[in-house]
Structures are given as structure tokens and as C-alpha cells.
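*Asks:* Chain by chain, the residues:
There are 2 protein chains.
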Amino acid sequence: MVQIDAETPKAQDRRAEILRRAAAVFREKGFHGAGMREIATGLGLAPGALYYYFESKEELLYACQDISLTRLIQGARTILKSDHPADEQLRALIAAHIDLTLDELGGSAAHVEFHALPPDRLAEIVKKRDTYERLIRRVIRRGIKDGTFRKTDVKLATMALLGALNWSVVWWSPEGRWSPPDLVRGFADVFVSGLKESA
Amino acid sequence: MVQIDAETPKAQDRRAEILRRAAAVFREKGFHGAGMREIATGLGLAPGALYYYFESKEELLYACQDISLTRLIQGARTILKSDHPADEQLRALIAAHIDLTLDELGGSAAHVEFHALPPDRLAEIVKKRDTYERLIRRVIRRGIKDGTFRKTDVKLATMALLGALNWSVVWWSPEGRWSPPDLVRGFADVFVSGLKESA
Chain R
-16 MVQIDAETPK AQDRRAEILR RAAAVFREKG FHGAGMREIA TGLGLAPGAL YYYFESKEEL
44 LYACQDISLT RLIQGARTIL KSDHPADEQL RALIAAHIDL TLDELGGSAA HVEFHALPPD
104 RLAEIVKKRD TYERLIRRVI RRGIKDGTFR KTDVKLATMA LLGALNWSVV WWSPEGRWSP
164 PDLVRGFADV FVSGLKESA
Chain C
-16 MVQIDAETPK AQDRRAEILR RAAAVFREKG FHGAGMREIA TGLGLAPGAL YYYFESKEEL
44 LYACQDISLT RLIQGARTIL KSDHPADEQL RALIAAHIDL TLDELGGSAA HVEFHALPPD
104 RLAEIVKKRD TYERLIRRVI RRGIKDGTFR KTDVKLATMA LLGALNWSVV WWSPEGRWSP
164 PDLVRGFADV FVSGLKESA
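Each protein sequence line maps, in turn, to chains R and C. Reading the first sequence from the start, the letters are residues -16 to 182 in the numbering used here. Reading the second sequence from the start, the letters are residues -16 to 182 in the numbering used here.
Hint data in this document are derived by calculation from the structure and do not stem from the laboratory. Predicted, not measured: the structure shown is a model, and the values here were computed from it. Mixed in with the good hints there might be a few duds.
The list treats identical chains as one, so a pair stands whether inside a single copy or across any two.
Below, in silico cross-link-like pairs of lysine-lysine (DSS-like), each with a Cα-Cα straight-line distance of 25 Å or less [claimed, not checked]:
hint	residue 1	residue 2
1	LYS40	LYS110
2	LYS64	LYS179
3	LYS110	LYS134
4	LYS134	LYS12
5	LYS179	LYS128
6	LYS12	LYS40
7	LYS179	LYS138
8	LYS(-7)	LYS40
9	LYS111	LYS64
10	LYS128	LYS40
11	LYS179	LYS12
Build the full structure now, drawing on both the sequences and the hints.
*Replies:* And the structure:
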């Protein structure tokens, strides 16, 4: 990948624009069905110009996943720093996740195409995924500790929640019946209300 | 695909054996990383012999998904016919799903690689997926009606559950910390206990 530090703001904007477009094409065609030429054309770029920014489709996919995970982690850290109770924090985590993956990235399945990454890139993504999972677990664990949530297997509850969230990029469509806020409400009802200690 | 009706029991066994092997290779390498040659070799078959049973890797993938969905639907129908209460039925649905996808199919992600299917095959799979979803929704709806479950968005609760179940083929590993029954317990705690009307 080209050096980010040395890039001008304009080049950074261009990279961001490319990633948005790539995410849209990945969403529509799947990673394997998407072509670099198609991504370039949609941006009015020659394919060669696209390769200047990202040396391969794998690098584009990696950048998509890396950026979204970095932002999910940042969002989760901010939420965890707040002094809101665990149920509100968990609801905020769900909202931030849906907001980023469905609303902003348009439900790109790029986020969940792991097999397509080269092993070293996959290892970096897995590390970030682990970090993100740990932050979610921390909220649930805190809620159990202070009596907000009932006792449950924290890791499996986290994986169930992440499953629901990640799977939504597979089935959700912007043209469908549910808006991203509808999903937040529905999932929060299952995972936040569902984990609450009944009074 | 070759005609199933005309096949001898031995040929049917061979097809089942091929599908198990294909599911294992898809699990390990992802659909796009898996090779027909590799699937054949693992069975002691010449690649040409494999093509006698399945004319393409896409047909193999379709058959994997078709068979597992058919069995999920059959299982769900049996569970729905029982006179058990909705919470027990939902738990049984979770157990049957985990049992098939993780225990029997070894957590093959083939089940969730939809983009790789040709459009006509995808349409058939989507139809079966819809049927399966409807059966799960019916159990949740029944539970809400008879007061077993609290009121919730039935469709979104179903998608959350299916997300957790389908996502488990991505993260779960037979060598990991959790057995399939552990997952059933954990997910049932989130989705069955979580949906229960508190007394």
C-alpha cells in the first residue's frame, strides 16, 4: 500500500472515496465477483490510477475491514468511558455498530469476507476483531457484576450479538422494510432487554 | 447435476461422501480457495470422476446448501408438530441447527457463501431459507401469543437468532473451547430465556 503519512489531504479523500465505492461494489457483487476495473470506472478513474492507491483487490478489502474495525473499536472505547449504566452502553454499542456497517458502509459484506485476505492481513484483522470483542464482553461483564444483567456466558452472548450484527450485512437491504434504527431497536430488545435481570 | 432418481444406493453414498468432503474443504479454505482437484484427491477420486457426480464447484456448493436447508426445514417441521411449549420448541430449533451445521457439517461456511451461487440456484436457496425463517418465526409468534415470550419484533428476533447461528460457522472451531452443546446452552440462554416474559 502507498504511504498514508506522505499523502496530501486530497489523496486521503480520494482513498476514502475509493473505499466507499469498493464497499458498495463488494456489497453488490461479493468480493470475488467485484472487479478492480468496475470499482475504478464507477469513480471515473482509469484502472491504473486505482492501482496507484491500492495495489490489489485484497489490499482494498483489507483497508475496508481495517478502517471499519478501527472505527468500531474507537466508538466502543468512547462508549465504555462514559458513566452510563451497562444496558445503555450495550444499546449504544449496537447502535454504533449498525450505524457504521449498515448506514455508513451501506451493509457491505466486505466486513465479513475473511477468507479472501492474505494470511498476514487476516492476522491483523483477527487481532482487531479480538480487541473489539473484548470491549463488548467488558460491557456485558460489567452489567452482570452490578446486577443490571442476569448471569450468562459472557463470551457466547457476545458472539451471539456479533453474529446478529455481522449477519445483518448479509440479509439487510437499504430498500427493505427496516431502517438501521429499526434494527437497533429490534436487536437491543433481544440483547439488552433479553439480558436484563428481571426485577 | 446427474439424475438422483436413477442412482444406485452406492452412488448416493458416494455423493453424500463427496458433499461431506467438499464441506470440509470449503470450511478450511473458503469456497473460492477450495479446488475440485483437492476435494477429489481427499476422496481418492480422479478429478474427472468427481465431475461425474457434480458438474462444477458451484453445483457442489448448491448441493451442500440445499441438503442442509432441507434438513433444517424437516427438523423444524417435526419440532413444530410436537406439543411442547414455545420455549422448548425454540430451544430444540437452536439445538437442531447447531447439531447439523457445527457437529455434522463441521462448521462449514459453505452454508453462508451465497454470492458464489449462480442466480437460479441462489433463488432456490433463498426460497428455502425463507421457508426455514418462517418456521422459526412461527415458534416465536406462538410463544408471544400464549404468553411464554414477551412482545418483540418477531422478524428481527428471528434474524438475530439466525445471525448468531449462521455466524457460528465463521468463528467456531472444533478445536476451540466450546462444544456444540455449549453453544446450544449459550444461545438458548440469550434467545429463549431472553425472550421469556418475566414472571
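*Asks:* All the hints need checking, so say for each whether the structure fits it.
*Replies:* Cross-check of the supplied hints:
When the C-alpha separation of LYS40 and LYS110 is checked against a cutoff of 25 Å, the pair qualifies only within one copy, where the shortest distance is 21 Å, while the shortest distance between copies is 32 Å. For the homomeric pair LYS64 and LYS179, the shortest alpha-carbon distance inside one copy (21 Å) is at most 25 Å, but the shortest distance between copies (31 Å) is not. Taking the closest pair of Cα atoms, LYS110 and LYS134 never come within 25 Å of each other, the shortest separation being 27 Å inside a single copy and 38 Å across copies. Taking CA atoms no more than 25 Å apart as the test, LYS134 paired with LYS12 passes in neither setting, with 42 Å inside one copy and 37 Å between copies.
Taking CA atoms no more than 25 Å apart as the test, LYS179 paired with LYS128 passes in both settings, with 12 Å inside one copy and 22 Å between copies. In the homo-oligomer, the alpha carbons of LYS12 and LYS40 lie at most 25 Å apart both inside one protomer (13 Å) and across protomers (18 Å), since each shortest distance falls under that limit. Proximity of LYS179 to LYS138 under the C-alpha cut-off of 25 Å is found in both arrangements, the shortest distances being 16 Å within a copy and 21 Å between copies. Taking identical chains as interchangeable, the C-alpha atoms of LYS(-7) and LYS40 lie at most 25 Å apart only when both belong to the same chain, with a minimum of 22 Å there against 44 Å between chains.
In this assembly of identical chains, the alpha carbons of LYS111 and LYS64 lie at most 25 Å apart only when taken from the same copy (19 Å versus 44 Å across copies). With identical chains, the CA atoms of LYS128 and LYS40 are never at most 25 Å apart, being 45 Å at best within one copy and 50 Å at best between copies. Taking the closest pair of Cα atoms, LYS179 and LYS12 never come within 25 Å of each other, the shortest separation being 39 Å inside a single copy and 39 Å across copies.
Hint compliance for this structure: hints 3, 4, 10 and 11 are broken, all remaining hints hold.
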